[in-house]
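A.B. asks: Sequence:
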Amino acid sequence: MKLSRPLLFIIALVTITATLSSLITQRYYSNTAKEPSLLVENRKPEPVLGMDLSHWNGTVNWNLLEREKLVFVFIKATQGTGYVDTTFATNWKASRENGYYRGAYHFFEPAADPKAQAEFFLKTVDLQKGDLLPAVDVEVTNKQTPEQVAAGLRTFVETVQQRIGRYPIIYCDAPFWNEDVAENLSKCPLWIAEWSSNTNPVLPKGWNSWVFWQYSATGTLKGVPSIGKTDLDRFNADQFNIRRYTLR
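Positions in the sequence shown are counted from 1; adding 21 to them yields the working numbering.
There is no bait here: all hints are sound.
Below, computed lysine-lysine pairings styled on DSSO-like, alpha-carbon distance capped at 27 Å:
(1) K136 with K226
(2) K150 with K136
(3) K208 with K150
(4) K150 with K114
(5) K226 with K164
(6) K208 with K136
(7) K250 with K90
(8) K150 with K90
(9) K226 with K208
(10) K136 with K164
(11) K114 with K250
(12) K90 with K243
(13) K90 with K114
(14) K144 with K114
(15) K144 with K208
(16) K114 with K243
Worth flagging that the hints you see were computed from the coordinates, not collected in a lab.
Start from the sequences, fold in the hints, and give me the full structure.
C.D. replies: Take a look at the structure:
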């Protein structure tokens with residue numbers, strides 16, 4: 022059957038309109054598919070995770086540990102006025118070579134000379150630009166009163182601050198601090214110990230925020246021999262902000 026010219030015109034017009042509509046739709050979805058940023062920005066940021074090490078953890082296989090996607094590591098360096106952790110030198114060197122933010126900590130002995138402890142710690146640790154601020158672990162009293170513990174710790178903190186120009190990080194748990202130290206040293210960044218599944222840890226007196234949180238002492242990590250006995254930590258911000266707590 023031969024179609025009339027008006028009918029041919031209508032058919033052609035419908036075909037052109039459908040084609041243009043299809044092209045516009047494809048272009049729209051193509052353009053919007055390239056703009057995922059709004060979805061990404063609304064996503065909850067990934068936690069910045071780390072661990073802390075001492076000789077109790079054994080010899081670390083840093084190649085295996087890389088699979089755990091950790092960002093930072095605190096390493097025990099010294100204790101009192103004469104003890105150097107037997108794995109410190111190896112872990113200190115390897116952590117930097119493997120790209121971690123590394124920090125050294127001193128186990129504070131309240132019965133020992135606090136200034137001598139600080140000087141021994143700083144002499145032992147080769148602090149470099151980019152390292153995390155040094156930390157002091159406060160968890161024993163050595164039969165000292167809260168006033169004695171507090172006075173000694175303040176001397177330790179001030180000695181470190183005078184030497185490096187920054188306040189050291191304090192590691193403690195809230196019950197111990199509130200009962201056995203009871204000193205306001207909130208100028209020092211807080212590394213809180215609380216092994217729980219809480220959203221946030223309970224803070225010791227004097228602080229209104231935490232910087233690092235040791236949230237578990239029963240972790241298992243590839244490359245760390247202390248299965249079920251590894252300390253796990255997290256940082257209270259994104260990875261970019263961890264630089265605020267490094268030496269410059």
